[in-house]
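Protein chains in written order, with the numbering used here: chain A, 1 to 312; chain B, 1 to 288.
Hints in this document: simulated from the structure, not taken from any laboratory. Keep in mind that the hints are not guaranteed to be accurate.
[Stated by the list, open to error] A few chain A residues that face chain B, going by a derived Cβ cut-off under 7 Å, partial list only:
1. I134
2. L153
3. D213
4. L290
Treat the numbers as computed from the prediction; the structure is a model and nothing was measured. The beta-carbon is built from N, C-alpha and C at its ideal position, and this holds for glycine as well.
Next come the chains, spelled out residue by residue.
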Amino acid sequence: MTISLTRRRAVPRPPALQPSVTAGSRQWVGYAFLSPALLLFVLFVAGPFVAAIVLSLYRWDMLTPARFAGVGNFTAMFGDPLLYRSLANTFVFALASLVTHLVGGLLLALGVNRLKNRVLSYFVRTSLFFPFVISWAAVALLWKYVLDPSFGLVTYYLGKLGVDTPNWFNDPSWALPSIIGIDFWHTIGFTFVIMLAGLQTVPNTLLEAARLDGANAWQTLWHVTIPMMSPTIFFAAVITFIGAFQIFDPIQIITPQGGPDNSTMSVVMYLYQKGFQSFQVGYASAVSLLVFAVLMVVTLLQFWGSRRWVHQ
Amino acid sequence: MGAPVTGATVPVRRRHRIRPARVVLGLVLMVVGVLMVAPLGWLIVQSLTAERAAFSLPPGWLPRPFTLDNFARIDGLVPFGRMALNSLQVSLIATVGSMLVSVLAGYAFSRLRFRGREAILLVMLSALMVPVQTTIIPVFVLMRNLGLVDHLAALWLPALINVFAIFFFRQYFNTIPRELDEAARIDGASHPWILFRIIVPLSGPALAAMTILAFEASWNNYFGPLIFLSSPQHMTLPIGLVTLQAGQGGSSVVVFAAITAVVVPVMVVFLAFQRSFAASIASAGIRG
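This is chain B alone, in the form it adopts within the complex (with noise of 0.2 Å):
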């Protein structure tokens, strides 16, 4: 004990003292593990099982008979792959619409002097504790006499506007030395060139941060289709699920098919993206 400590001795003498409860502390994470994805392998396999053998007792975890019947049967009971291409418009527009918005402004308040720039910000920031459900009916209001109730435009005309978005943006942009732009700006470059040619190619995290959070939040949306959209044809997935749900005819095994249709893509694109998507949550919520 009388020893130096060094940089060898110590770790060996912590594995040592802690590995019996690393042990059970391992197994009760994965057991917690087990516990979150048990919902999603048994929605997948009964959405594999034939229906007469579907939501058995004791609850079946393989498809056993086998079948993909039930999502060849989503169709003829709602619109599915219209309101997949319906969530996919909305989604792609609200997101690379809102991106560019926010990039101009971010970098408005990062790089460009104008009058009442601080109060502005001040402003738009102070709007982020405005719930969404205080402006809904207003909005609502005005996308009726626009006469875009029942047309997509009413879900990602709104959404284009991604306060947070922006002050995330300027926040990231005023971490790129100035020094850069200026040099630029000497050599005759415009501010749009300076914007897209210098720094949004080095916000590439920041980019990727709020295009997954402002497409995942559209894409998922609930509250605004239930609000603004009444006609079956216009309808996106969430709520063409819950329809679905409600339906007359539709049995459960078919649910459960068309929960599988909407949320594997989802889980898919998640493991391709994990790291980075785990990653630019945490850093949008360590520096937000």
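With the rest of the complex left out, here is chain A (with noise of 0.2 Å):
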């Protein structure tokens, strides 16, 4: 910043030009490169968000008329206990997410960055993050046949270490930890290679420090590694559990109802039955704004959270 500035200052620049760039005159030029971005902002971003807002006022079909509702849309939300039931299986989701991708995918991290063996580490950075490149749709369809209790993979193999399996979908207490695990499968690469990216920002010279210091594999990881990842760590939270919120796919893909005994139903898939398969749009609406609110929330806990933690 500085440097830049007293360079402004020592290089003197032809009278025409300075007035220009900053000129009213030269305002549109600005406003013509940015005119795309804005008029599909407006179109598709913000022009939505502040119509679904006047939506929640509303009784809606889609079909007939719109009736205003005021706040009633929001009072329904207190007494319906199936939104309940999918807010908190999908704090119980966002939760266990964030918990096994920050943990597993730092460990995997560690792991892989120790590895001398170049074939191996190719290996197993790469079987790590080819789930991730998969659509939800193909990876939701494997683990449904993966996971069947008559020829599934993980049924023979369990079976063979004499594990007794359950029907993981049509159990009520399996349906969603099968689908937390499928996620893992699924999304864990994201945050190993976050993490990867992150613990190579760690200085060299830190850790031989340390360990000069005669500090432990342990000790260098406690007081040297993770503190110097924080800023990493953060970053892969707040995208975890942002992301994990809005699950959908795989629960619409496997358990279309929302599974045995709504064991599965998240928020959103509850939002997308009741806007686009009962109709009722202003409710939906009421549900999508609340889901909104929530992550807000939630991110700002995180950045205030952070300001204790994180290492600047």
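Reconstruct the complex from the two isolated chains, following the hints.
Below you can see the structure in the form of structure tokens.
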């Protein structure tokens, strides 16, 4: 910053150029470059967001004229047990996802970072990341077969180990954990890559210094590596939670009705059913604003909390 | 021990101390890697196995008897080729279009001065917290009014606005020295010329990262087509897979063949670009 400022003063400019950059007559250039983005933004993001707020105040089925409902949709949410259920499921999913991804991603990154064998390192990195590039539709269908109670891989090999497997997606206490597991398989590569990149930003000189001071591996990890990686870990935490809270694809594909006893019903699944299956558009909009509010509060909390522990 | 620590002694001592642990670590990670790819291996093997022998127990890890028949049967059940072309069309338009829009906007935010610049950027960034699900219902209503429901345009049109890419490009362009384009401007170069002849050619890694992420998001999109599309000839691959699986007469091996046909090209592309792919995601993560 300071360098460029002093330079600006030191290097004299042609008098004609300086005003033309800032003067009002040239402002249209900026708007011209921005106009496609601005138009699309208003049309598909800002406008619809405002419209969602308006819609949430109405009762509308997309066919008959909308009727004003005031805060009726919001008060109705308080007495909606299925909404509570879907919120609880979503929080469980998002928290489980957060913890398993951060811990798993960090451990895997630490492990792979220590591998000296290049072939093995390439194999592990590739195989961890492979599932992430595959669409959820393909992943969800594949895992329906992998966990099939009669011929699935997991059923067979766990049976060989003497483990009695449940009927994963039809058992109310196993349906959500199954989807948590599949999500781990699909998405861990992303967290892993971010962690690995963060790990490589830890200065070697610090690690060497810690070793020379007699720190063991655990102390080095806890007092040097993790603090130095805290911005990366923080970023991964925010991204993982926001993504997980919007879980929809695998739930809709594997358990189209929201699972046995609504055990896999997520908020987004619920708002999809309300909006596009029973056509309660106003109510669905109100639920979508709830999703927005939760994400905003959690993100702000994470940012606020990060000031206490993220290494700057 | 009293010897001065030199660059030579430290690594040697360390390597001797850690080696057994490293072997165990290597084994553990190898098992993890195998477990990660096992479902994919099983998928491909079953899709190449004749129907009467597929899904046998213990699970077969070689396609015996080998056949390509399962793949030939996909197109009779769902218009697979058509859906692949639809997916390709949507992803290409969405990716190229959104990159163009984002590069222009990123340049405006990085290099041009106009009233409200910071405020507009701030509003756009705060939209990153608005989930798709909040805007999808009004966007659906808008598409219905435009007569675009059940058209591929309903998928790529909203994808053209990519706030994350705009912000990412702005950050990246800010790291390119201003002296470069200011010199060109003194020589009389126009803004489009500067953007496409100076800034864009210097932004290879950023462009690659955002292109890959945009294409991947569009190619794998399930929520969009589920809501906007209804007729089979307009479907994209993710919905096509689920339709095939739920449909009558589609046996499991054919479903596996279809999944394989969708997954393997992505895997090949990924292997080809693995280095830049992982690096770009990592850089997007670190800078984002």
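Verification of the supplied hints:
no. : hint : result
1   : I134 : holds, 5 Å
2   : L153 : holds, 5 Å
3   : D213 : violated, 12 Å
4   : L290 : violated, 9 Å
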